[in-house]
Amino acid sequence: MERSLSDRACIIGVGETEFVRGTDKSLAQLCIEASLNACKDAGIDSSEIDGVISPWKFNIRHEEFVHGLGMKELKYSGRFEMGGASYIAAIQSAAMAVALGVAEFVLVSTGQRGYSGPRIGAGDTSVLDLNNEFMPNIEYRDNLEYPYGVSVPLHYYSLHANRWYHEFNPDPTGMQIVAMTCREHAQLNDKAYMKGRPMTEKDYQNSPLLVHPFRLFDCSLETDGAGAVIVTSQKNAHRFKKPIYIGGIAEGHPTYPDDIVTRPDIFDMGITHAAPRAFDMAGVRHDDIDFAEVYDCFTFMVLRQLEEMGFCGRGEAPEFVKGGRISLSGQMPINTHGGLLSQAHICGINHIVEAVHQLRGEAGKAQVKDAKIGLVTGYGDLSDGSIAILHN
Amino acid sequence: MVPLPFYTINLWINSGKEVFHMEATEDLYRPLPTRESDRDWDLFSPFWEATRNGKLVVQECTVTKKKVWPPRFLSPYSPGAELIWVPIEGKGEIYTYNVVYRGFSPYFQTQVPFAMVVVELEGGVRMLGNAVGVDPSVVHCGMEMEVSFEKVNDDITLVNWKPSERS
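Residue numbers (our numbering), protein chains in the order written: chain A, 1 to 392; chain B, 1 to 167.
Quick caveat, the hints were computed from the structure, so don't treat them as lab data.
All figures in this text were calculated on a predicted structure; none of them were measured in a lab.
Beta carbons are placed, not taken as given, at the ideal position from N, Cα and C, and that holds for glycine.
Heads up, a few of these hints could be off.
Here are the simulated DMTMM-like pairs of lysine to aspartate or glutamate, each with C-alpha atoms no more than 20 Å apart in a straight line [to be verified]:
#1 K67/B to D258/A
#2 K66/B to D265/A
#3 K66/B to D258/A
#4 K67/B to D265/A
#5 K151/B to D142/A
Pair ranges (Cβ atoms, derived) [stated by the list, open to error]:
#6 S45/B to V66/A: 39 to 47 Å
#7 E144/B to R197/A: 42 to 50 Å
#8 V138/B to G364/A: 43 to 51 Å
#9 T62/B to I138/A: 24 to 32 Å
#10 P276/A to G142/B: 26 to 34 Å
If the Cβ cut is set under 10 Å, some of the chain A residues that face chain B in the computed set are [as the list claims (entries may be wrong)]:
#11 L74
#12 G78
#13 Y146
#14 V150
#15 H155
Using the sequences and the hints, build the whole thing.
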């Protein structure tokens, strides 16, 4: 395969807000705050940004960024509708734009008011209708799912999970290992919402079963916050101290994209298709990966993505994550900042921010020694996927 | 933001469209298929007409003769090929399932625990519904099920699944 986009773009700035439960700020304010932090991190004036992609979340648009950043000229804008896979798809698009010279500095920013906005955890059912409105194939959802109670990701993904348990008889402790590993890593991260709130095996097992097989602690956090990254071309890289290169990047969609349970192969996911392309583009193999930030809306999805990326076979991820392999001192640490499960759920963009910190050697207590190649994934909607392989 | 009650949001989202919902007050919040009269197309009506008459139908591709589910406008197996509705036997095994212990909307909060089951019918059709007539905690993949129609109102009869008498 022609390595068309490999190393032709790099990330030169990353920024975040605080991660909290309770904010008066709008999503636009949070995203602009994170974006200004990213500009400061990169050492560029925010007026230099000439491209903006705000993936997924529906209540912020590029116009807000033009005002918030004092942009002189917006040359490129876009949106992505792939749920939690959107942010890497957006970075891929940003990389294409800068590599071709359509724009010089493309900002990708997203976040959510996961606690202060409408939320299911607080019994606000309006979010159910909103979820339904933003899923693909609304008529199908309205007619054949909603009347039977299918309304939130827990419902969709548990149907995938129970077939997986049936077909492969995997070790049921796999999900617990992912939950506890993320929580351990959060203890090392000052920004993590769950810092200072460690989780024992007993805590996990005592957390309520919401939808079999998912317990409360298999679910990501409801937090407020935003993140931003700035992408520029390889030709601009020399202006910046520690550019992090995009070695390989891809989005992928399952062959039957708008439904999980009627998909002929229920285990087929977007990342099944995206991962081989990203590895080829980057010219690396699985054992070259020093660490991975794996999209963790649910513990189960971490296991399935590891399998579909080819780190192990289907049903084998619980064995793969055993014995400390994914802990900080292990062969392939995952979610070194705590992930969506224990740092914050800001639509995944904190995964890219952490990967950049790791590759710059700025990850503090959670620094992976000699980190050179990092992998980041996105997962969303009805199994859409995305993957980036970054290096320093 | 002032939290709006569920039905207000429903009304807001569906404003301008004629929506058929339950009339009985105690079931007001039960989500039902929206039958919108202002659409030029009518993808799901043949299905709900059939269930109203105690029959189960799915689509079939007129070129490949493969069963098509969920309903589509055109065949996913032969681009552009038309689809027809055909009867299908309401019997099969559970392909996958879940058991819901925490309901998220007012109606389903009164229903927990309940199971969603996906039953695999002839031709690989997988149809979702709720499990009835069985303790949700014993529902498992491979269980033999048969269709159980639930008349909700004059317009809508939902499709649920009960353990087959054979099993």
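Now for the hints, and whether the structure bears them out:
no.	hint	verdict
1	K67/B to D258/A	17 Å, holds
2	K66/B to D265/A	16 Å, holds
3	K66/B to D258/A	19 Å, holds
4	K67/B to D265/A	16 Å, holds
5	K151/B to D142/A	18 Å, holds
6	S45/B to V66/A: 39 to 47 Å	46 Å, holds
7	E144/B to R197/A: 42 to 50 Å	46 Å, holds
8	V138/B to G364/A: 43 to 51 Å	49 Å, holds
9	T62/B to I138/A: 24 to 32 Å	26 Å, holds
10	P276/A to G142/B: 26 to 34 Å	33 Å, holds
11	L74	29 Å, violated
12	G78	26 Å, violated
13	Y146	5 Å, holds
14	V150	6 Å, holds
15	H155	7 Å, holds
When each numbered hint is compared with the structure, violations occur for hints 11 and 12.
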